[in-house]
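A.B. asks: If you read the protein sequences in the order shown, they are chains A and B. Numbering follows this note's numbering, with no gaps: position 315 of the first sequence is 315. Numbering follows this note's numbering, with no gaps: position 109 of the second sequence is 109.
None of these hints come from the bench; they were simulated from the model. Note that the structure is a prediction, hence the values are computed from the model and not measured. A virtual CB, placed ideally from N, CA and C, is assigned to each residue, including glycine. Mixed in with the good hints, there may be bad ones.
[As the list claims (entries may be wrong)] In silico SDA-like links for lysine to any residue, alpha-carbon gap of 25 Å or less:
#1 Lys416/B - Ala262/B
#2 Lys593/B - Ala235/A
#3 Lys593/B - Gln318/A
#4 Lys384/B - Leu346/B
[What the hints assert, rightly or not] If the Cβ cut is set under 8 Å, some of the chain B residues that face chain A in the computed set are:
#5 Asp584
#6 Ser609
#7 Arg635
#8 Tyr636
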Amino acid sequence: MTTPHLSSVAAESPLDPALAGALTRAQSQVNNVVLGKSPQVRLAFACFLAGGHLLIEDLPGVGKTTLAHALAATLDLSFQRVQFTSDLLPSDIIGVSIYERERNQFTFHPGPLFAQLVLADEINRATPKTQSALLEAMQEQQVTVDGVTHALPAPFFVVATQNPLDLAGTYPLPDSQLDRFMLRIGLDYPDRDAERALLAATDRRELISQLQPCLTTAQIDRIRAAVAGVLASSALIDYVQGLLAASRTHADIRVGLSPRAGLALLSAARACALLAGRGYCQPEDVQTVFIGTAAHRLIPSGSSNLTRDQLAAALLAQVAVR
Amino acid sequence: MNSGAADSTIARLTPTQFGLVSASVLAAVLPHLWRLPLPLSTLILTLLLGRWAQRQYRGARIPYWVKLPLVLLFPILVIVHYGNIFGREPGSALACAMLVMKLVETETRRDARACICFASFVLMSALLFDSGLGFALLLFAALILFLAAMRELEPRPADAPVRAWRDSLRDDLRGGAFALVVALPLALCVFVFFPRLGSPLWGAPTDNSARTGLGDRMAPGTIQELLIDDSPAFRVSFDGVPPPRTNLYWRGPVLWHFDGTAWTRPEYFASTNAAGNLQALGAPLGYDVTLEPSDRRWLLALDMPLDAPDNAVRGADMSLVSRAPVDHLLRYHATSSPRYLLDATLDRQQRRLALQLPALFNPRARELALRWRNELHSDDAIIKSAFDLFHTEFSYTLNAPLLGRDSVDDFLFGTKRGFCEHFSSTFTFLMRAAGIPARVVTGYQGGYFNRAGNYLVVRQSDAHAWAEVWLQGRGWVRVDPTSAVSPQRVELGARAAAGASAPWYQADWLLGLRNQFDLVNRAWNDVVVQFNSLRQQSLLTPFGIDKADYSDLVTVLIGSSTLLLGLFAWWTLRAPRTTLDPLDAAYARLCRKLGRAGATRAAVEGPRSFAERITATPLRNAAIADLLDQYIGLRYACALPSVTAVRTFARRVGALRVQPAVRRSR
Numbered sequence: 001m002t003t004p005h006l007s008s009v010a011a012e013s014p015l016d017p018a019l020a021g022a023l024t025r026a027q028s029q030v031n032n033v034v035l036g037k038s039p040q041v042r043l044a045f046a047c048f049l050a051g052g053h054l055l056i057e058d059l060p061g062v063g064k065t066t067l068a069h070a071l072a073a074t075l076d077l078s079f080q081r082v083q084f085t086s087d088l089l090p091s092d093i094i095g096v097s098i099y100e101r102e103r104n105q106f107t108f109h110p111g112p113l114f115a116q117l118v119l120a121d122e123i124n125r126a127t128p129k130t131q132s133a134l135l136e137a138m139q140e141q142q143v144t145v146d147g148v149t150h151a152l153p154a155p156f157f158v159v160a161t162q163n164p165l166d167l168a169g170t171y172p173l174p175d176s177q178l179d180r181f182m183l184r185i186g187l188d189y190p191d192r193d194a195e196r197a198l199l200a201a202t203d204r205r206e207l208i209s210q211l212q213p214c215l216t217t218a219q220i221d222r223i224r225a226a227v228a229g230v231l232a233s234s235a236l237i238d239y240v241q242g243l244l245a246a247s248r249t250h251a252d253i254r255v256g257l258s259p260r261a262g263l264a265l266l267s268a269a270r271a272c273a274l275l276a277g278r279g280y281c282q283p284e285d286v287q288t289v290f291i292g293t294a295a296h297r298l299i300p301s302g303s304s305n306l307t308r309d310q311l312a313a314a315l316l317a318q319v320a321v322r
Numbered sequence: 001m002n003s004g005a006a007d008s009t010i011a012r013l014t015p016t017q018f019g020l021v022s023a024s025v026l027a028a029v030l031p032h033l034w035r036l037p038l039p040l041s042t043l044i045l046t047l048l049l050g051r052w053a054q055r056q057y058r059g060a061r062i063p064y065w066v067k068l069p070l071v072l073l074f075p076i077l078v079i080v081h082y083g084n085i086f087g088r089e090p091g092s093a094l095a096c097a098m099l100v101m102k103l104v105e106t107e108t109r110r111d112a113r114a115c116i117c118f119a120s121f122v123l124m125s126a127l128l129f130d131s132g133l134g135f136a137l138l139l140f141a142a143l144i145l146f147l148a149a150m151r152e153l154e155p156r157p158a159d160a161p162v163r164a165w166r167d168s169l170r171d172d173l174r175g176g177a178f179a180l181v182v183a184l185p186l187a188l189c190v191f192v193f194f195p196r197l198g199s200p201l202w203g204a205p206t207d208n209s210a211r212t213g214l215g216d217r218m219a220p221g222t223i224q225e226l227l228i229d230d231s232p233a234f235r236v237s238f239d240g241v242p243p244p245r246t247n248l249y250w251r252g253p254v255l256w257h258f259d260g261t262a263w264t265r266p267e268y269f270a271s272t273n274a275a276g277n278l279q280a281l282g283a284p285l286g287y288d289v290t291l292e293p294s295d296r297r298w299l300l301a302l303d304m305p306l307d308a309p310d311n312a313v314r315g316a317d318m319s320l321v322s323r324a325p326v327d328h329l330l331r332y333h334a335t336s337s338p339r340y341l342l343d344a345t346l347d348r349q350q351r352r353l354a355l356q357l358p359a360l361f362n363p364r365a366r367e368l369a370l371r372w373r374n375e376l377h378s379d380d381a382i383i384k385s386a387f388d389l390f391h392t393e394f395s396y397t398l399n400a401p402l403l404g405r406d407s408v409d410d411f412l413f414g415t416k417r418g419f420c421e422h423f424s425s426t427f428t429f430l431m432r433a434a435g436i437p438a439r440v441v442t443g444y445q446g447g448y449f450n451r452a453g454n455y456l457v458v459r460q461s462d463a464h465a466w467a468e469v470w471l472q473g474r475g476w477v478r479v480d481p482t483s484a485v486s487p488q489r490v491e492l493g494a495r496a497a498a499g500a501s502a503p504w505y506q507a508d509w510l511l512g513l514r515n516q517f518d519l520v521n522r523a524w525n526d527v528v529v530q531f532n533s534l535r536q537q538s539l540l541t542p543f544g545i546d547k548a549d550y551s552d553l554v555t556v557l558i559g560s561s562t563l564l565l566g567l568f569a570w571w572t573l574r575a576p577r578t579t580l581d582p583l584d585a586a587y588a589r590l591c592r593k594l595g596r597a598g599a600t601r602a603a604v605e606g607p608r609s610f611a612e613r614i615t616a617t618p619l620r621n622a623a624i625a626d627l628l629d630q631y632i633g634l635r636y637a638c639a640l641p642s643v644t645a646v647r648t649f650a651r652r653v654g655a656l657r658v659q660p661a662v663r664r665s666r
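The task is simple: from the sequences and hints, build the whole structure.
C.D. replies: Listed below in structure tokens is the structure:
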């Protein structure tokens, strides 16, 4: 039964059917490659559509790279992969200006960062200098070399990975820089059925090479514009504010969520609502993206023995929904 | 009350404020007006309305040379009418007048407040005259008006928006009613614990007007007045099974002396204390009587009272007389014997009184009686022939024609229509003329038995008159000549006997309703008006206060009111509640309903997850899902939900009936 007074509110889906269909196809295509990880795929899509960058934190071999590859192929994005090492220099990723004798001038040779989807593998292995070059580029959507500013391609989407266990010889990202990632997800081991399908099927790399792009850049721009237009009612903003406030007063949290975290949370929730085909956010959207957006931004107090994920879950279990 | 000119302009009353104060004064004066002498009440009302109009349209101060003569005039008027200014009647009259004078000089907020406080006093003084439930309710309504006026007098911030007087009046009345309700517990506490005086404060001098009920004189028309008065005369609860209606003869004044027009009670009985010689023949019957104030000294009891209640005496003719006029609700216990032998021998004085007849009145009736005496040989035969005469030729009506000088003759041989008054009077006359000692007994007959409350209410309209004759060996015997004419009078009551002559306001259904309402009135009388120091003590005994003196009571009063005020303070000062908006309130109600049915929403659970969870329970149904959808739509899918949509949603939530989920034990 449709209710008459809902006709005046935001339309059920702000996307036209063709676009919505393409988006759904894109998601299912990635899901076919990265088996049994549809919530994470959903978050990755949300992160991309909200214009953020993604940090995948998990053990090697659970499909971090595959996910990035599949996303690039499905979304028809130019793809570059950078394996971060301790001797990687900023210029290695940004690019360098080289003197060309014929033209008698320096010419800028763009580095791997000049791609629409950059996979920064094992980001914590690089020195802080390189890390901050990457993070600055992520924030500014541009790089400046020798006084000349070069815009990065649009859309620009960084997927960084890091291994939380093997920390020897790494430079863990400082909290201020973790903040640049809109979402942090873990992939974890696939469940039994998914793993069996994975083992039985053909090689993932081959599968990726066969993927067809589902969305054009123009379509992605339109979807991103629609995300910004998703309605967040005052009640929803109350809820987000409630979460932010709770993170700042919680006993086990030393540093709570920043306003930027709130913005990221709201953007991700908007994208999540759009992915569900809705033109408005509901509290469940916020709850879906909350641990992904908030956990890596929380700094536990010294006495706390809870992980960041547990802290974020505790906040969710504390703030009432209207 | 004269403040400086600048001050008065600051605190000048607005038309709404002055209107409310005037209305309060009117409300305080109204209950008194009808009782005041006409010139005074006219003057008061004129002055009140005139002052209101003057203030409303001109607004100038009343000069002192107008006020001063008025202030002097009122006490003079009161003294001229009542003789003095003390006592409840002249006192309340003077208070009413001075209250209106206060309104005349009211210009500032301070005056207005004083005026309302004074008005409260005047209003309360009306309780000295009437403490019934209906009046108390009216009083509460007036108090709401007073509190509303007080609220309106509160200074408002200079930047407060100007409101229409209708709006502010509505707010004020609502606030006043709220204040009254909040004050009720405190009032109740003071009512229960305030030290009671041994006798009511208003056992004050009274005047002779406003008497109701039976008098010690029966002249044509006195009972007729009562028959149209439906107010309760007294209420009775019996210790055992109530006697049949035909035995319910409530004995009042016994009238011996006939002067040709009126029957009266001779001074002889007022002066002697001679008790009659009464022999009870059956089991005594006990009952409690609650007598409405009548300002007379008669107490009513069933034939024949075996003893007199406290503070009352039983005369030789078995009528009960209180030592003081009954000016407040009086409760007493009485015992009667329905079968009795009264005065086996008649002393000379009484025989003389019981045979007294005025000379030169009613020759034809005397002639008839003498003929009976000559033709018939026994007293019984004479009584029987009188009964036969009434039975064959007379009819019962409440609209009896007027009788002339020889009233008995006119009635016997002329009109032949009448009611108890005529029949008892004529019958007694005939008996005396025939040489049988006889007397008229007035009182009440019957009553309405309220089954819900298990008590009998006797109204003024149940007033009745009958006769008693003295027979050798049988003493005084009750004879009701009216029953010879109209047995229904005794079986059904006066109005039923009179047939269809009842006016509209005495329609059967209305009387039934009134009789039912009497139950409430009786409860009010019982619980509130009759609450005296004895009942107060019985309330305190369970708490270990055995013999409460004033200081104990004051301690309890102070303690309990401090406790109450503390509770109020806590309630007022506790953390401010966040006011739920209507949509939240409706959703909370929906969640409560679902919670009672077994699906409790966690505080952190979003509405969509809740809806999905319910879909998986036996509770799922389209209406609930639709309501939750609607809520999500209103709360999250639009920036600002429309008021009407929220109202519709709230109404649908209100109408939702949730069947509790069936839990099966496997």
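A.B. asks: If a hint holds in the structure, say so; if it doesn't, say that too.
C.D. replies: These are the hints, each one checked on the structure:
1. Distance hint between Lys416/B and Ala262/B is fulfilled; the C-alpha atoms sit about 19 Å from each other, no more than 25 Å.
2. Of the supplied pair hints, the one linking Lys593/B and Ala235/A holds, its CA atoms being roughly 22 Å apart against a limit of 25 Å.
3. A C-alpha spacing of about 23 Å is found between Lys593/B and Gln318/A, which places the hinted pair at or below 25 Å, so the restraint holds.
4. For the given pair, Lys384/B sits about 22 Å from Leu346/B by alpha-carbon distance, which is consistent with the 25 Å threshold.
5. Interface hint at Asp584/B: satisfied, since its Cβ lies 6 Å from the closest Cβ of chain A, which is below the 8 Å cut-off.
6. Interface restraint check for Ser609/B: the shortest CB-CB distance to chain A comes to about 6 Å, inside 8 Å, so the restraint holds.
7. With a cut of 8 Å, the hint placing Arg635/B at the interface with chain A holds, because the nearest CB-to-CB distance is about 5 Å.
8. Nearest Cβ of chain A to the Cβ of Tyr636/B: about 5 Å, under the 8 Å cut. The hint holds.
Of the numbered hints listed earlier, not one is contradicted by the structure.
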